[in-house]
Every structure is written in C-alpha cells, then in structure tokens.
Amino acid sequence: MEFSRRQFVKTSAAAMAGAAAVGTLGALVGCDDENGGGGGGGGTTKDGVTSVTVCRYCGVGCGVLVTTVDGVITETVGDPDNESTLGALCVKGMHLASLLYCDGRLTTPLIRDDSSTKGTDGGLREATWEEALDLAAGKLRDTWKNDKSRLAFWASGQMPICEGYILSKFWKAGMLSNNIDPNARLCMASAVVAFMNVFQTDEPANCYNDLDLADVFVTWGANMYEAHPVLYSRLEARKNHGAGVKHYDITTLGTQTSKSADKVLIMTPGSDNAIANAIANYIVVNELYDQAYIDDHLVFKTGTENLGNNYDDTYDGSDIGRAVGAVTPCTFDVYKERLAPYTLEYAAELSSVSAADIEELAKVYADKNTKVLSLWTMGVNQHNRGVWMNHNIYNIHLILGKYALPGCGAFSLTGQPTACGTAREVGTFAHRLPADLVVNNPQHRRFTEAVWDLPKGYLDDELDDDDEPIPGTGIATPGKHTIRIFQDISKGNMDFLWSACNNWAVSLPNLTRYLGKGDQKGIYDTFIVVNECYPTLSTKYADVVFPVAMWVEREGAFGNAERRTLVFEQAVEPPGEAMWDLWVYLQMAVRVLEGEKIDGKDAFDVLFGFIWDKEAGDFVGSQREVNQRIWDEYLIFTNPGLKKAASDIDLDVDELFGTKNDEGVYTPSKLKMYSKQMAPYEVYLNSHGLTWPVREVNGEWLSTKWRFCDGKQEDGFDEEGIKMYGKDGKAGVGGISYYKSAGLKPSVVFRPWEPPAFMPDEQYPFWFVTGRLLEQWHTGTNTALIPALNNTLPDSYLYMNPGDFDAMDLKEGDEVVVTSHYGTVTVKATKQQRVECPPGVCFGTFFEESRLINLVVQEIYDPISKEPDYKKTTVSIVKK
Amino acid sequence: MMEKENLSLAALVGAGFIAAQSILGALGGGKLLKPPGAVSDEDFISRCISCGKCVLACPYGSILTATVADGRAAGTPYIDPRRKACRLCVDFPCIEVCPTGALSSVDKPSDVRMGTAVIDERICAAYSKGHRCEVCYRVCPLINEAISVEFRDRPGDDIHMIFAPIVNEEKCVGCGICVERCVVSLPETAVTIVPR
Chain A
1 MEFSRRQFVK
11 TSAAAMAGAA
21 AVGTLGALVG
31 CDDENGGGGG
41 GGGTTKDGVT
51 SVTVCRYCGV
61 GCGVLVTTVD
71 GVITETVGDP
81 DNESTLGALC
91 VKGMHLASLL
101 YCDGRLTTPL
111 IRDDSSTKGT
121 DGGLREATWE
131 EALDLAAGKL
141 RDTWKNDKSR
151 LAFWASGQMP
161 ICEGYILSKF
171 WKAGMLSNNI
181 DPNARLCMAS
191 AVVAFMNVFQ
201 TDEPANCYND
211 LDLADVFVTW
221 GANMYEAHPV
231 LYSRLEARKN
241 HGAGVKHYDI
251 TTLGTQTSKS
261 ADKVLIMTPG
271 SDNAIANAIA
281 NYIVVNELYD
291 QAYIDDHLVF
301 KTGTENLGNN
311 YDDTYDGSDI
321 GRAVGAVTPC
331 TFDVYKERLA
341 PYTLEYAAEL
351 SSVSAADIEE
361 LAKVYADKNT
371 KVLSLWTMGV
381 NQHNRGVWMN
391 HNIYNIHLIL
401 GKYALPGCGA
411 FSLTGQPTAC
421 GTAREVGTFA
431 HRLPADLVVN
441 NPQHRRFTEA
451 VWDLPKGYLD
461 DELDDDDEPI
471 PGTGIATPGK
481 HTIRIFQDIS
491 KGNMDFLWSA
501 CNNWAVSLPN
511 LTRYLGKGDQ
521 KGIYDTFIVV
531 NECYPTLSTK
541 YADVVFPVAM
551 WVEREGAFGN
561 AERRTLVFEQ
571 AVEPPGEAMW
581 DLWVYLQMAV
591 RVLEGEKIDG
601 KDAFDVLFGF
611 IWDKEAGDFV
621 GSQREVNQRI
631 WDEYLIFTNP
641 GLKKAASDID
651 LDVDELFGTK
661 NDEGVYTPSK
671 LKMYSKQMAP
681 YEVYLNSHGL
691 TWPVREVNGE
701 WLSTKWRFCD
711 GKQEDGFDEE
721 GIKMYGKDGK
731 AGVGGISYYK
741 SAGLKPSVVF
751 RPWEPPAFMP
761 DEQYPFWFVT
771 GRLLEQWHTG
781 TNTALIPALN
791 NTLPDSYLYM
801 NPGDFDAMDL
811 KEGDEVVVTS
821 HYGTVTVKAT
831 KQQRVECPPG
841 VCFGTFFEES
851 RLINLVVQEI
861 YDPISKEPDY
871 KKTTVSIVKK
Chain B
1 MMEKENLSLA
11 ALVGAGFIAA
21 QSILGALGGG
31 KLLKPPGAVS
41 DEDFISRCIS
51 CGKCVLACPY
61 GSILTATVAD
71 GRAAGTPYID
81 PRRKACRLCV
91 DFPCIEVCPT
101 GALSSVDKPS
111 DVRMGTAVID
121 ERICAAYSKG
131 HRCEVCYRVC
141 PLINEAISVE
151 FRDRPGDDIH
161 MIFAPIVNEE
171 KCVGCGICVE
181 RCVVSLPETA
191 VTIVPR
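For the protein sequence lines, the chains are A and B, in the order given.
Going by the numbering used here, 876 is the number at position 876 of the first sequence; the sequence numbering is gapless.
Going by the numbering used here, 54 is the number at position 54 of the second sequence; the sequence numbering is gapless.
Some hints here could point you the wrong way.
Derived lysine-lysine pairs resembling BS3-like cross-links, with alpha carbons at most 27 Å apart [unchecked claim]:
hint : chain 1 : residue 1 : chain 2 : residue 2
1    : A       : Lys259    : B       : Lys171
2    : B       : Lys171    : A       : Lys811
3    : B       : Lys108    : A       : Lys811
4    : A       : Lys828    : B       : Lys108
5    : A       : Lys811    : A       : Lys259
6    : A       : Lys148    : A       : Lys456
7    : A       : Lys879    : B       : Lys84
Not the full set, but computed from the structure, chain B residues with beta-carbon under 7 Å of chain A [as the list claims (entries may be wrong)]:
hint : residue
8    : Arg138
9    : Ile143
10   : His160
11   : Met161
Selected chain A positions facing chain B (Cβ under 7 Å, derived; list incomplete) [stated by the list, open to error]:
hint : residue
12   : Leu213
13   : Val334
14   : Arg338
Don't read these hints as lab results, they were simulated from the structure.
Yeah, the Cβ is synthetic: ideal placement off N, Cα and C, and Gly gets one too.
Let the hints inform the model, and build the full structure from the sequences given.
This is the structure:
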C-alpha cells in the first residue's frame, strides 16, 4: 500500500501534536480503491485528510469516514471497515457533511439579563467567555454553598465518553452531588433497571452478528425500520437470505417495521406484560422449559406489585413509591403459580391479540430447534410498567435457556449514539458511578475513591451526633432523577440547572408544566446554563449559553447498542469562539472549586490536575493527550490491576465487604471489575471500534461479541471472562456462565400485568403514541437544520386512523387541537399510511419545535425506572 | 459520484441551486407537468384560456404559469414538482375553478393521471449505494401502492439489503411529491416525473 498524502498529513499532524506511541485512525483508512468494492463505502477520496468516525445520531453507530480539505469537511461516506455497519448509512448519515455548516451556529457565549424574556426569541446578548463563565460558575458555587439539593446537571447519551466521565467526576467527587442525570432516563432507564435486576450487569449479552444468525425475530414495541435503519437492513438481509426466517412484530400500531413482518400482532396499549406472561405460562404449562438450565443458572423472585402511578409529585416518597424496587426470592413453583392466571384467553382479552396468535408465538419461542432473537426499544421502555416488560422478555428467554447464544437472545436496542457508552458506562445517572458501580454501595464508593485518589470515606455521607448518616451530605444517597429535577424546577425548588447535548425544552413530557405555561413558573426563576451548538428551545430558556464544539470538531468516543466503543478523531476546528465541552466543564470546575481542599490539598488539582494546568489556565497537552489521560484513569475502573488500592477493594483483600458463615469462614465480596474490561486508548485508535469486554490474548486485544457464552475469544466468545470469573473457570449448562450475576445466577422475577395510568374515556377517547421517524432525529436540532434533509420530512403530523380521520371530516393537513389531562397543542393531521393507526390510536413525532406535542404528553413514569411513558397519553382530537 | 453529490449538498444550501434545478425541472424534456385533471395535450392547449384561475385556486402555490420559453404552452398552468409538488386535494380546487374544462373533473386523488415517477437507479442513494434512504417511498401519498419497497442484494455485502423503491406505473398519479423530497441533487433528482 502506498503511503498516500493524507496518511502523511495525518501522521505528521499526530506526531507534531506529541501523541507519542499512539496509532492514528486516519492511517487505517486504506488505499484509495478500497471503498469501491466494499459494497457501499462510496467513492474514493482525493487530497485531504480522512478521519475514522461514527455517526452522531442513533444507537446503531454507523461507521463514517470524514474527509477534510483545508479544515473544512468536504465529504462523509460510510466506513466499510466498521464491523457494525460495513459502510451502510441512512438518509441522516448521508447528510453528516452538512451538519457543521448550517445557518445560525452559536459561536459566542450568550447571557440573558432579564429572565422574563425566557421562552421568547430575544433577551440573549453576546458576552465574553470570562463574563459568561464567571456568571455561571458564581451561580453554581452560590447554590452549592447554600443548598446543593437545589442544583442539577442534565447530561446525555450523546456526550462523548471522556466528557461524561469528567463531568460525572466533577459533580460526584468535586461537589459531592448526585443531582446529575442523563436524557437516557427518557429512553433506556427501564432497560437499565431490568439489566441490573436480572443480571446485575447493565449490558446486552448479544451483538449485531445475532441478526445474521437468528431464525426468528420478535420485535416488541420497536419500529426498527424508522429508528434503527441500518440495523433493520441487517434484519432484512437475514430474512431474505436465510431459509424460513420469520419476523413477528408486536406493536400498538402498524409501522413500516410491521409492513415487512411475517406476522403483526396489534395489541391494546399497555397489554404487553399480559402477552409475555401468557407466553411464559404456556411454556410452563406445557413443560417446554429447560429444567437443567434452570437448575444450573436461574433463581426465581417476586417483587412489589400494585404499584399505582405518579399522578402527583408525592409518589416517590409514598409507602408504595419507596417499596417499588423490592424483590423476594421464591421457587420455580411459585413462579409457575403466579403465571397460572395468564391463560391465552386472558391475555387475548386484555390485549385484543387472538389466543391463537399468542399460542403460535409461544410455540415459536419454545421450539428447541429455533434461534429466537427478541428486539425492543421505546415501546417497552417508555412504559408505566417498562421495567416489568423488560423482565418478562428475559423471563421467556431464560426459562427456555435461549439467551446469550449466537442468534438467540433478548436484545435491548439503544436510541442514542452513546447511551450505552456514556450515560450508562461512566455513570452519569443520579444513582451511579462508573462501570456499573452505584452510589449507595460502600464497597463501590471505596473502589471509586481508590481510583480517584480520594481519602477513604470521602464520598460517604457525614454522620450526625448519633453516628447516623445525613443524606445528601456525601453521595451515599441517590440524587434527583430527571423528572424530579424538572418537577422541582417548576415548583421553584431549584436554583441552578445546567445541560449539555440535549434539548429538554422539547424532549421532556408535560412541557405545559415544565415550560411554565401552567401555574408553576419556576423555570423563570431557576438559573439555567446550556451548552449548545445551534439555538434550540432550551437555549430560549437559558440564562447563559456556552457555544460548544459538535461531533468531529473534537476527539471523542461513543459506545453503541452492541457495546462497541469507537474513538472518533477530531476532523475540524469548532467555529468562532465555540469550545470543547470538556474545556467548559474544567473552566467551571476551576472556578467552583476555588479554595476547596481534599485532604489538605487543592481539590481541583486532586481531581483534574492530571489534565488541566491551573497556572496556565489550559489543558496540559493536546486534545489527543487529554483524552488519552482521561481514558487511562477511566481504564482503571475496568482494569483494577492497574492500581493496587483499587485492586485490593475489587478483590476485598482486607475482608471488609464479604460475609462470614457460622463457622467463621469468610467469603469475600468481589466486584469483578474486569467483567467490563476496556482496552488501552491506543488500541481503539488503531481500530474501527471494539465491543467490550476487550481481552488481551497473546499480546492482542480482542472483542467479546457473545457475553457469558463459552468459546474461543478470537471468535468473539467470552472465553477469558469465564476463565476469570466462571464457576471453577468453566461455563455451565449450555456453555453459559453468568459470571457477573449474584451467585452466577440471573433472576427470573414474576412481573404481572397492571393497567396503564389512564384509559381512553369520553373526555379523552384516543391513545396518543409519540416517537421518531427516520429522517428527523429526536428534537430536530440537527436534522431539521440541514435543508436537503429537512426537506424530506419538513412537517410533523398527527397520524390518524383513516376512519377516525374521515369521521371528523378532516382533509389532509387540516389542523386539529389535541388535548390531554396535561395540556393542549395544535398539529396537522394526516391519514397517510406510513403509520397505520388502528381506530382510536394516533401517533405523532416530536422533532418540530413549532408543534410541541410534548405539551400534552403525560408525566406518568415507570415507578421503578422513573422513565416517562410517552406511548399512552389519552387525548381528545378536535378539528380546528 | 459520491464526492460530487456531497459537494453539491454543501452547495445546496444556496437557494440559487434550487432555482436552477426548478428551471431544469420545468423544461423536463420539453413537456410540462400539467395540473390534475388536464385533458390531452392538444385539447388542453386549445381549451386553456390562460385565465390563471387554477394558479390562484391552488392552496399550496404548486401551480405556475409557463413562460414564452415554453413555446406554445406559454401562459398555461404547469407544476414544477421539485419546487412544489401537487398535494392531491380531495376537492381539487384547481379543477373546480377551471371555466373551460381544460382541467376536467376527477373522482378521487388516486384517479389523477398527471404523469409517472421514474427513478434513475444510477444516482438514487438507495440503489447506487445501498443507503437507507427511500424517502420517495415514505412521502408517497399512495404509499405501498404507487411506490413500494423491494429488497435486493447489496453488492459485496451479505448482511445488508438495498431497500429499492419501485414505482407502480399503473398506480402512480404523478403528483411529484417524491421529486420535491428527493435528497439527490446533482442537480438532477434521482426521481423525476414523466408527464402523461
């Protein structure tokens, strides 16, 4: 291969930046003709620099090659060497080249002097960084010193991993605040809670290769055609190439995913838990389960039931609200008894799906010769019993022994590019620390303190005179979840909010309340700081706007739905005065932590001295070097052997966290931190992404594709993990070892059907379901700016059943007023059959700021995960 | 091809580009796309009195007036779908106001026969690159009838498919919304309407 000019340019630049001994992604982009034969990589590149990157939109994580000439992106094409997607893109990814160059880019810090101008187009004036940082940091510090329960950060599944890691450290260790929660609360929280409940590890065991291997696909509340376009292409490839491959789609409305499914089961909203339990019951009654697998691998539990719903803000503090997460061990027989009421007929009655169809699906699941892959997204997660539905899908797979096997399993798909990578892996949740650790576990806090060089007990709550911990003084008590943060804002109980990489003013439910359009006006009194690239509705409510770099204007890493971590290189500089978010976090931290001490030493230096030179007021090195240093520290979390103090706590060397039996034999509590092992930074720089855990075998770092499944590491199986943590270093029945689960046994928890918070009635006769469509991503703050892309879907519509539409004497595009218990909004109606709504069901997208459908969306959330239910608001529709 | 497309995308932001495309679209091989209900060519030219009523009646501003550059058609109404396609109103206000029958009544939108969409597979992002585009399919008012999707192998890639939009000439009414929304702009769109 010839050493082309762009490789020379790239390697020279890297060398000059002092990035010693690290690879360069650009050099990985092979000779000029490689894209031609790859089936879609696209054209060749001319002079310029090519960077290996990843798309910034959905959770699929399509590889993207970015070419720049003279500091401007001239081309983006699919990366044929990205194993997740092989160069395929969707229409959003095709337009990434234009993303950075749209009109209206924020390039100067902005300040709002008069908070009464919030929500209007005006009121922000330009400011210097110094003024904006001093103002925002002053407000944050004052709030922190006064009452730190009144401050919060709303983070994101679109925030690169190292940025999320440092932000979390600033909040949790710097200010000892757990009031940081990500927008992933709105999309993956139910999945996360179920992962932790069932497996004690937050991750899918499966990978994208399973879509090439499954015999049957079952999509539950997932419109993959629109929401995971390239992954859906993979599902279709399997269906078209594999003999007899079938696809069942279970949904509340006909989608484009339904269109190509072999069988579509249209169910009444909220009835999925009944269907899943009927399937499990059928398996149990007909003794189709795998008894040997159950004996070896599973434990059974029941949990708190009759949860009710958060009809008001007192729910979390109520008796039931505090008990929602409790579980009790039970026997398989008890599980069977609890399932017994869920006959096919009972489920059919609740769901409107025929008993015969449910039986057919149960047989398909139970067929011993069939590899079944269940896939789900927001229909399951954004659900008032979303955690339960996640459980119930795992229950089916687990009792059949059909989980964590190639082509066979239950795969929770993420919605954001790094929901898995950042929001979950580095712990930007109110209850979490990095790498699956949680704040309310003392061993987890000790481990974190060891990695962060904090004195032992630093993260604990202070003790009162009776030696009782005072909640909120340290971080032993979880902070406010997303909805609680915004409820408190609306009530005037918060003084400071900061957000980055999200657009809460459009994406939250019940915006009527949260945007101060009702009687609660707290949003006007809360000091709000927003990091943004383009103006959004959130910046219209901001007191300070920090202009920041977007996508490849800085180096970062994303983690996609299949645990693939991919470092994307900086390709271009941010415009004007826009800065890297990390720079903003550290500039704020240096101000807020001024004069603070940790163990007698300067607090800022203890936490961030390794990347920021306080004297110089700048990073200690290049962006590459800073990312490398952050990664090196983060790496200790999943490679505890790198630091003895951390390793000792991981292994419970001092016998502090384990249990002693009656004979006095001590069983240590081991954290098994290598379970989610990451590789050194340079390994990522020399790859197109790796799926964790990444294991070093004979000097080579190898991905794990199939978690807990035995087989050769080089073939993608979890050989090294099982050797390290499996029972006697071996797998169990079925070649599986759930080595991260307590006792190596995942939990099958019986979870009943309970009704939605509201049912359609005379006043609000329609179910209103919200979601995404392919062309526009989330709140449209990126996709709607690109003219050629926005032109593909410029308007949001209320998709209606043709019968309902005609009965109201509507014409295409007529405006209708949609009203719920929570608010009202005017939208345009259509009966176009892109979305096929059954009678009484309507669907809307949330990308258009001028048609703010979340004004009517209920603030009902899953009582356990606190994830809002965007799928079951009851509404009235009236022609305008 | 790819490079050209992306360079043009960056440039597309300029409205001038769209204007240039509109002119090309209007010329469309010399034959203009006439409003719904238009009678046959010769009949239309003789009946249409260039009164402009249909132009004013269109609630979307989709109907334009041909210029002298269009020769004999000068003064008659036409639609440039790239600029603004026909929205297929159920009550056809354009036909309603036509005093001469140049636009004659149509029962329902699916009976309209303005023309037929034709996809240029060489430049279509779905066909030529295997990207998940197929915007033309999803925006079609007669989705799954006039345009449907067929799965085809993606060359050199066993694990993804081409989602190929297929036009059903019997069902396509030629409203042109697919042309208006097409992401390809070289400046030719990957889908065009061949007027009836």
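Legend entry - Restraint check, 7 Å cut-off on beta carbons, for Leu213 (chain A) near chain B: Not OK, violated: Leu213 (chain A) not within 7 Å of chain B, min 10 Å.
Legend entry - Restraint check for Lys171 (chain B) with Lys811 (chain A), where alpha carbons must lie at most 27 Å apart: Distance of about 21 Å is within 27 Å: holds.
Legend entry - Hint consistency between Lys811 (chain A) and Lys259 (chain A) [alpha-carbon to alpha-carbon, up to 27 Å]: holds, 25 Å
Legend entry - Given hint Met161 (chain B) near chain A, where the shortest CB pair must fall under 7 Å: holds, 5 Å
Inset, instruction - For the pair supplied as a hint, Lys828 (chain A) and Lys108 (chain B), confirm whether the alpha-carbon distance does not exceed 27 Å. - result: holds, 21 Å
Legend entry - Ile143 (chain B) as chain A interface residue, shortest Cβ-Cβ below 7 Å: Hint on Ile143 (chain B): holds, closest Cβ of chain A at ~5 Å, below 7 Å.
Inset, instruction - Quickly compare the C-alpha distance for Lys108 (chain B) and Lys811 (chain A) to 27 Å and report which way the hint goes. - result: Measuring from Cα to Cα gives roughly 13 Å; hence the hint holds.
Inset, instruction - For the hint on Val334 (chain A), just tell me whether its beta-carbon gets within less than 7 Å of chain B. - result: violated, 43 Å
Inset, instruction - Compare the distance between the alpha carbons of Lys879 (chain A) and Lys84 (chain B) with 27 Å, and conclude whether the hinted pair is satisfied. - result: holds, 26 Å
Inset, instruction - Have a go at the His160 (chain B) hint: is there a Cβ in chain A nearer than 7 Å to its own Cβ? - result: Because about 4 Å separates His160 (chain B) from the closest Cβ in chain A, which is inside the 7 Å limit, the hint holds.
Legend entry - Given hint Lys171 (chain B) paired with Lys259 (chain A) - CA-CA distance at most 27 Å: holds, 19 Å
Legend entry - Pair hint outcome, Lys148 (chain A) versus Lys456 (chain A) [Cα-Cα no greater than 27 Å]: holds, 22 Å
The structure shown violates the earlier hints numbered 12, 13, 14.
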